[in-house]
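Since the structure of chain P is provided, determine the placement of chain X on it from the hints.
Going down the list, the sequences are from chains P and X. The opening position of the first sequence corresponds to residue 1 in full-length UniProt numbering, with each subsequent residue numbered one higher. The opening position of the second sequence corresponds to residue 1 in full-length UniProt numbering, with each subsequent residue numbered one higher.
Derived by calculation from the structure, the hints in this document are not laboratory data. Incorrect hints may have been included.
Stated by the list, open to error - Dumping the calculated DSBU-like pairs for lysine-lysine here, alpha-carbon to alpha-carbon at most 35 Å: (1) X:Lys52 x X:Lys77; (2) X:Lys405 x X:Lys372; (3) P:Lys51 x X:Lys349; (4) X:Lys77 x P:Lys51; (5) X:Lys50 x P:Lys117; (6) X:Lys349 x X:Lys405; (7) X:Lys328 x X:Lys304; (8) P:Lys117 x X:Lys77.
Stated by the list, open to error - Covered, in the sense of this in silico footprint (three residues per stretch, anywhere, with C-beta under 8 Å from a C-beta of chain P), are these stretches of chain X: (9) 9-17; (10) 55-66; (11) 402-411.
Note that beta-carbon positions come from the ideal geometry of N, C-alpha and C, so glycine has one too.
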Amino acid sequence: MDRMNLPLRQTMYFICFGVSAVCLIMLFILTSQWVLAVMAAFVSAVWFWAKRHPETWLPHLCLLASISLAVTGLLLGSASFLAVISAAASLAAWDLLLFNSALGENTSGEHTRRFIKHHLQALGLSIGFGTAAALLGHFLQVKIPFIGLVILIILLYLGLDRIWIFIKDRRG
Amino acid sequence: MNTKTRIVILILVGLLITALISRNGDAAWMMLPFLAYFGTGILLTPARDKTKLQVTRGLEQNRVDGSPSVETTITIKNLSKDTVHLKMRDEQPGDMIVLDGETTRHATLRPSESTFLHYTFTAPRGDFAWESVHVEVGDPLGLITTEMTIPATGSIQIRPHYRKFKAIPLRPRSTLHAPGSIPARLGGSGTDFYGIREYHPGDPLHSLDWRMTARHPRKFFTKEFEREEIAEIGMILDARPNTELRIGDDSLFEHSVGAAASLAEMFLHQGHRVSLLVFGKRMSIAFPGYGKTQLNRIMNCLAKARVEGEERSSAHIDFLPIRMFPSKSMIIVFSPLASTDRSLYQRLKASGYQALLVSPNPIDFARPILGKDEYTRMAVRTALVERRLQLDSIAQLQVPVIDWKVNQSLYPLLRNAMTHSRLERVQGD
Numbered sequence: 001m002d003r004m005n006l007p008l009r010q011t012m013y014f015i016c017f018g019v020s021a022v023c024l025i026m027l028f029i030l031t032s033q034w035v036l037a038v039m040a041a042f043v044s045a046v047w048f049w050a051k052r053h054p055e056t057w058l059p060h061l062c063l064l065a066s067i068s069l070a071v072t073g074l075l076l077g078s079a080s081f082l083a084v085i086s087a088a089a090s091l092a093a094w095d096l097l098l099f100n101s102a103l104g105e106n107t108s109g110e111h112t113r114r115f116i117k118h119h120l121q122a123l124g125l126s127i128g129f130g131t132a133a134a135l136l137g138h139f140l141q142v143k144i145p146f147i148g149l150v151i152l153i154i155l156l157y158l159g160l161d162r163i164w165i166f167i168k169d170r171r172g
Numbered sequence: 001m002n003t004k005t006r007i008v009i010l011i012l013v014g015l016l017i018t019a020l021i022s023r024n025g026d027a028a029w030m031m032l033p034f035l036a037y038f039g040t041g042i043l044l045t046p047a048r049d050k051t052k053l054q055v056t057r058g059l060e061q062n063r064v065d066g067s068p069s070v071e072t073t074i075t076i077k078n079l080s081k082d083t084v085h086l087k088m089r090d091e092q093p094g095d096m097i098v099l100d101g102e103t104t105r106h107a108t109l110r111p112s113e114s115t116f117l118h119y120t121f122t123a124p125r126g127d128f129a130w131e132s133v134h135v136e137v138g139d140p141l142g143l144i145t146t147e148m149t150i151p152a153t154g155s156i157q158i159r160p161h162y163r164k165f166k167a168i169p170l171r172p173r174s175t176l177h178a179p180g181s182i183p184a185r186l187g188g189s190g191t192d193f194y195g196i197r198e199y200h201p202g203d204p205l206h207s208l209d210w211r212m213t214a215r216h217p218r219k220f221f222t223k224e225f226e227r228e229e230i231a232e233i234g235m236i237l238d239a240r241p242n243t244e245l246r247i248g249d250d251s252l253f254e255h256s257v258g259a260a261a262s263l264a265e266m267f268l269h270q271g272h273r274v275s276l277l278v279f280g281k282r283m284s285i286a287f288p289g290y291g292k293t294q295l296n297r298i299m300n301c302l303a304k305a306r307v308e309g310e311e312r313s314s315a316h317i318d319f320l321p322i323r324m325f326p327s328k329s330m331i332i333v334f335s336p337l338a339s340t341d342r343s344l345y346q347r348l349k350a351s352g353y354q355a356l357l358v359s360p361n362p363i364d365f366a367r368p369i370l371g372k373d374e375y376t377r378m379a380v381r382t383a384l385v386e387r388r389l390q391l392d393s394i395a396q397l398q399v400p401v402i403d404w405k406v407n408q409s410l411y412p413l414l415r416n417a418m419t420h421s422r423l424e425r426v427q428g429d
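Bound conformation, chain P alone:
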């Protein structure tokens, strides 16, 4: 079981990383933005480097770079579902990279295996649900008027205060 967990986490990381890289590069190939496609390939290569140095700022920079490129592709008019999938897969890869680094080789014991299982479940559910909702929103083509967006932001701003109080309560 111990030996099964590490490959599972690694496999999931490589799948997420692969999906993110392919979607990111495809995003620019579809719009013939070759320079940006090369940049996306370069960022994907840096992800490999980040895997070797997970305790540094490299994983965070890779995530920020991947999201920035995905947003750039989106703004340049490429397929938005590719951008959403790329961003979500980058988020999952980043999380798994940090999780694997934090766990190290200490995966023995029933309670640790349960911890890994809960983490993977929470990650899969949250990102799966978020991506599905984002893709659904994209394909349903819900147009939110600008005023609606402004109202949403005001509500979000007011809600942030509540979220912050909730977090503080939880942390004691």
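Frame of chain P; chain X shown alone:
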């Protein structure tokens, strides 16, 4: 808020601003995976006040000799009603080195469940204590965590490593009137014939010398045997910073500590009364005593012995309280020697003590790191001559001196020094 949370919030804010500036709905939709991720973290975070954990620490031993490997087990139990996701971490005090096992563990504990950390460590001589265990409780994604410091006390004393020496027959000038192993040059009960004297009423009949009695009519004679007594031994361990020499992990002081421990064990095993004074910035004393309890006291003293701080006037050899040792004791000094130390041996002799100097050779100890050039060789020779003159000047006071090269066994040198009738310098060549 940890780095992970900050990064997610930064991305969310960035995407929101981009969506607003570009008026692009797809950029706003892109926020959803991040929102779901962040929301899951918030929702699954346990409430701080409802989290109750109990930690206990178990140590295999509380006192160990030498450089051992000791097992530690830390058990953490979830006393709250909810499942808790946690990361527990135990920090090692001082120079402790973990040999095996793990000092960090991630676990998910259901109510009343417990998990443990188990590791084996080794440590240099000294006292070590743990106060608490660090526990991070949070959501399974590790976004919102609370660090808790839960008390889990424990302590261990690593005592100096000592070698068991065979008993060395001592010839102290004075003995304590208690049965022991040293011939006391006094008549009494013993095994070696000492002399014959006239019978005193009360003498046991079996000690009557019948031959002598037959030769002298109307008189009775009693055979006397040499009384065997114990010695009074005091040990002084020099812990002054100006006599310490450290090369990498090896320390000259540690050799002195080991020698003191070995001799204390040998003398106490022989039944002698032994005391110890560690002389440095701080002085620690084990007053005279016998047996295993005294060995325990001396080892405790040696375990805590440290060469600390800069040289101070309080650590000057003239302030050494030699009067703590009973009069006419045999005093063994473990010291690499400083230039002004001769006065100590003069004081010891003047006060009626029988002194012996065990001096670890600092020049020989430092030899592996010394250069091979001509100037260094000249400097080493000068230092050796200086040291030899110093040792000779102490030996002239009728103090046996052992010039101990620490890579050599101390036992033969000690045996020579302690059994020789003439007091002279014993060199570990």
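Structure-based check of all given hints:
1. Straight-line distance between C-alpha atoms of X:Lys52 and X:Lys77 comes to about 9 Å, which keeps the hinted pair within the 35 Å bound.
2. Distance restraint check for X:Lys405 and X:Lys372: the Cα-Cα separation of roughly 20 Å lies within the 35 Å cut-off, and the hinted pair is therefore satisfied.
3. A C-alpha spacing of about 71 Å is found between P:Lys51 and X:Lys349, which places the hinted pair above 35 Å, so the restraint is violated.
4. Straight-line distance between C-alpha atoms of X:Lys77 and P:Lys51 comes to about 34 Å, which keeps the hinted pair within the 35 Å bound.
5. Between X:Lys50 and P:Lys117 the CA atoms are separated by roughly 23 Å; this keeps the pair inside 35 Å, and the hint holds.
6. Between X:Lys349 and X:Lys405 the CA atoms are separated by roughly 26 Å; this keeps the pair inside 35 Å, and the hint holds.
7. The suggested pairing of X:Lys328 with X:Lys304 holds, with an alpha-carbon distance near 28 Å, which does not exceed 35 Å.
8. This hinted pair checks out: P:Lys117 and X:Lys77 have alpha carbons roughly 20 Å apart, not beyond 35 Å.
9. Figure legend: the segment 9-17 of chain X, annotated as covered by chain P; annotation consistent (5 residues with Cβ-Cβ distances under 8 Å, at least 3 required).
10. Note: the segment 55-66 of chain X has 0 residues with beta-carbon separation from chain P under 8 Å; the three-residue rule is not met and the coverage is violated.
11. Judged by the Cβ-Cβ criterion of 8 Å, the segment 402-411 of chain X is not covered by chain P as claimed, because only 0 of its residues qualify and three are needed.
Consistency note: the structure conflicts with the earlier hints numbered 3, 10, 11.
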